[in-house]
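Protein sequences, first through last, are from chains A and U.
Here the numbering used here is used: the first residue of the first sequence is 26, the next is one more, and so on.
Here the numbering used here is used: the first residue of the second sequence is 412, the next is one more, and so on.
Derived by calculation from the structure, the hints in this document are not laboratory data.
Please read these numbers as outputs of a predicted model, since none were measured by experiment.
Among the hints, erroneous ones may be present.
[Said to hold, decoys possible] As a list, the in silico DSBU-like pairs of lysine-lysine whose alpha-carbon atoms are at most 30 Å apart:
#1 Lys593(U) / Lys88(A)
#2 Lys545(U) / Lys66(A)
#3 Lys66(A) / Lys464(U)
#4 Lys593(U) / Lys111(A)
#5 Lys65(A) / Lys33(A)
#6 Lys88(A) / Lys706(U)
#7 Lys706(U) / Lys65(A)
#8 Lys33(A) / Lys572(U)
#9 Lys111(A) / Lys497(U)
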Amino acid sequence: MKDFRYLKDVVTLELDRAGCIGCGRCVEVCPHQVFVVSEKKAVMQDRDACMECGACALNCPVKAITVDAGVGCASGLINEWLQERKLGKLSGGSCCS
Amino acid sequence: MPRISSGLGFNDHLGGCKARWGLGRMDYIVPPGLYAIGHPTAHDPVLVTANYKMSYDIIRRTLTERNIWLLVLETYGINVWCAAGKGTFGTGEVVRRVTSTGLAQVVSHRCLMLPILGAPGVAAHQVAQRCGFKVSYATIRAADLPEYLDNGLVTTPGMQKLTFDLYERLVLIPVEVVLASKSLLIAAAVVMLVCGLSGGVSTGIMALFAYIGAVLTGIVIGPLLLPWLPGRSFAVKGAVAGLAWTTCFRMLTAGAGWSWAATVAALLALPAVSAFYTLNFTGCTTYTSRSGVRKEMRLGLPLMGGALALGVVLLVLGRYI
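This is chain A alone, in the form it adopts within the complex (with noise of 0.2 Å):
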């Protein structure tokens, strides 16, 4: 996805190191390949071409990665804040929602 990037410094996928056991799943899941494995251990190469899906947290066996993974359209996020303030929801919504 070189021709495609969003914005920096927005993602909260994090990284904990010092509990990775270098096993490799997460590059084997990301689609963005953020990850690669270095002296036996996890990097993020990449950080910023992350898109939030949570496929590497859920399959990190040692829980090391963590991530606010969900629905990221527009449409999907105004009905979530609807729905936390019991407004209902907005009608002719779409995708995942």
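Based on these hints, arrange chain U on the given structure of chain A.
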């Protein structure tokens, strides 16, 4: 055990086309369970997919003339990627389906091949713990499966890279237009009514055209020109496309007697409308993050709302100045 044909017929293509346009899209399903493509034996691989019929069709077409097991999960007609995000293409459903189909008695190995985009819902190590099957994430695209299978089940870097080319963006647009049409009709009626009442029928019709154009610019032009529109922010990309639309529209209708207030109002309100719809396309992309969209909304929504409100105020005031 249902044995399935790997060729797609007219009805499969028609159904896929209808789903792209939002017709019966939520009911386009196949029953979950274990299917045989070709004549698989106990040693043949097991591929896992969602029960959205388009996902299932793409897989079986790709695997023509192969022997393979297809384990279809109950994702309620949602594709792998979205179902993984919701958790229905998830650890629990994989384990449940492996158990309910008696997969362990059908195959002699203990391996499952999953699409990489299913990983946000499935914890591979937990599947192994709970049902004894080892999960391998194979490829992102079904089209790479034959090479993956021939390659000794090795994922090459290319199979793991997401793309978002013009065609991939194009096929997502029809359903976005259909989904937006309901709110579009209501908003268009309001725009036409307000402008019509204050400036006569021809002004109303012109405003309607301008508004629909701004919406379609946001839904169609923004996503299509995504890599070429400036900036990283979707709202900015949409606003730029909207500005271009407003300028074109203003030039094409130059003879219609635009007041300076109407011109400024259009330049404020229309790009804001396009910006909102292009920002909403972040839900369809494969590279935007939730935190990024949240930031864009926090900064962008007040700006869009403000521009829209200011446009309306100018339009109304303009009639009395």
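Now for the hints, and whether the structure bears them out:
In summary, the hint linking Lys593(U) to Lys88(A) is not supported, as the alpha carbons are separated by about 43 Å, beyond the 30 Å threshold. Note on Lys545(U) and Lys66(A): the hinted pairing holds, with a Cα-Cα distance of about 22 Å set against a maximum of 30 Å. Distance hint between Lys66(A) and Lys464(U) is unfulfilled; the C-alpha atoms sit about 40 Å from each other, more than 30 Å. For the hint linking Lys593(U) to Lys111(A), the alpha-carbon distance of about 23 Å falls within 30 Å, and the restraint holds.
Using a Cα cut-off of 30 Å, the hinted pair Lys65(A) and Lys33(A) holds, with the two alpha carbons roughly 28 Å apart. This hinted pair checks out: Lys88(A) and Lys706(U) have alpha carbons roughly 27 Å apart, not beyond 30 Å. At most 30 Å may separate the alpha-carbon atoms for a hinted pair to count; Lys706(U) and Lys65(A) exceed this at roughly 35 Å. For the given pair, Lys33(A) sits about 20 Å from Lys572(U) by alpha-carbon distance, which is consistent with the 30 Å threshold.
Taking the CA atoms of Lys111(A) and Lys497(U), the gap is about 21 Å. The hint holds against a cut of 30 Å.
In this structure, the earlier hints numbered 1, 3, 7 are contradicted, and the remaining ones agree with it.
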